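Listed below are the residues making up each chain.
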Amino acid sequence: MRRKLNLTRVDRMGYVVGGIALIAWALRRPSWLRGSAAGVGGWLLYQAYTGSNPLFRPLGIRVNPRPAEPDAHETIVVEDAITISRPRAEVFAFWQGAGNLPRLLEADAELVRERPCVELAWRGVHAGKLAHFGSLEFRDAPGARGTIVAARLEYVPTGGSLGIALARMTGRAPQRLLAESLRRARALLETGETPSTRGQPAGPR
Amino acid sequence: MKALCWHARLDVRVERVPDPVLINPRDAIVRVSATAICGSDLHLYGGFVPGMLKGDILGHEFMGEVVEVGSSIKNLRPGDRVVVPFPIACGDCFFCRRELYSLCENSNPNAWMAEKVWGYSPSGVYGYSHLLGGYAGGQAEYARVPYADVGPLKVPDGLTDEQVLFLSDILPTGYMAAENCAIQPGDTVAVWGCGPVGLCAIACAQLLGAERVIAIDRFPERLRLAALKLGAEPIDYSEDSVLDALRELTGGRGPDACIDAVGMEGHAHHSIAHAYDRVKQAVMLESDRPTALREAILACRSGGTVSMPGVYGGMIDKFPVGAMMNRSLTLRTGQTHVQRYMRPLLERIEKGELDPSFVISHRMSLEDAPAAYRLFRDKQDGCVKVVLRP
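Protein sequences, first through last, are from chains A and B.
For what it's worth, my numbering labels the leading residue of the first sequence as 10, then goes sequentially.
For what it's worth, my numbering labels the leading residue of the second sequence as 23, then goes sequentially.
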């Protein structure tokens, strides 16, 4: 089986430095413990060489080493889809204005491609730099069940896989933000409001 | 206003909290006239459901008078008397359009939490953990009701609160449990658990044409209600082996349908299996104790149906999947799609075909809710169902 590249450049450099450090530490005064550390170091070097970490797949982290946008060296890919019980034209119109496009953090969305009722693509720019880019594809759900919206978001990771892990722990993971953005859109389109409990009473927390 | 708040496991308190306000255009505010404690509230009380926060207002069985409506609400006006169904449902989504209201895709603002545990999220529910939306519940003086143009059912003045309150949950739940049995003429239905839902299921199974209904419990007052009030044949599982008794009562074939109206806190009398499940649940190797479900599967006639209104939350083990597969059993379950059943059941109540108020054993004030929870949990003083008045 061919391994899929899924480490970022930052990751690979970090793995090389870490792997060499662990092996050097083990060679200074060999012991069982240091020997196993050397084993881990060797494994890190091997991963840096192959560019693939086998743990990323079960963790759901997907790296695209050759993104379509020339400004980005590599990106993390996030995908999701939702079915909305409304006609395609209406669903498309909701996102058309760019104001509702799924965005990560504070980035401004710039529309780069628009095929009516089929596709929208945009770039998210933050402080003059490309932060992410994404696309929405619209198609009819089978059996007149409304519209399927397939979303794909690629973002430029900061801090390699460590940064991704941190974002996940704080609940700001792009996967979650994308899912919430799609869910909010469905609620607005189908019910005219978004479900909320903000402002409801509770006892002392 | 006063409201019953969850504090910690086995600790609920009546607190002063702010009055609810309209949050969305389709909301209404209801002044609660009567509310009940549900068996599933005991799962929250006992700390078996994740996602509870200190200060959460409990209660999903309530009714009252509309006092305020949001700008989009045309079907209700202040002064209307309504019963509120426990699932919060938008009425517009894929599931609501198919009358699967408890699976509403739009009503749970914390859908991601439920997805982590269950794969996909069901609807929001009042006062039933942040997994199901974290909505403030109805064991309070006032409650906010989202999608008020879909859920609340107007009830005529001629019927008392006690006659219609249970349209909010247990009567439709008993009805759906019986409906899921696909009862044919001549069928025998066995019901595990003669709590309020079990008793409603017995009444509804009879209404849907069951020839015989067998009621299984160990509390004399509950078996008495099942036998004397409804004419079911009682089995006291603390005295008899349920499997043997059912085999005998059904001519060696088993009941055509079995209803598990017990759920995740099942109890087996003096048995090693019970100790096993208690220990596993305590150390979180299993989240639910499926005593009744296991027995219902083993007892059911080959090719029969096991209907499961009892609430489960997570994982179980020692599930008799071999019996299920080799004997062609059907398992049907789900949180009740209350909105689907409210109107037809109200008609039956009006015609006098059903009167679920017989399950009420205690009438107390909202102030006494903490004591009521204890009483209901420990099944003391013949407690079957508590109705609270704010």
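Treat the hints as calculated values from the structure; they're not laboratory data.
If you're wondering where the values come from, they're calculated on a predicted model, not measured in any experiment.
Among the hints, erroneous ones may be present.
[Unchecked claim] Computed from the model, here is a short list of chain A residues facing chain B with C-beta under 10 Å:
1) Gly44
2) Ala102
3) Gln105
4) Gly106
5) Gly108
6) Asn109
7) Gly172
8) Arg185
9) Glu202
10) Thr203
11) Ser205
12) Thr206
13) Arg207
14) Gly208
15) Ala211
We put the beta carbon where it would ideally sit given N, CA and C, even for glycine.
### Message
When the structure is checked against the list of hints, which entries are broken? Sort them ascending.
### Response
When the structure is compared with the hints, numbers 1, 2, 3, 4, 5, 6, 7 turn out to be violated.
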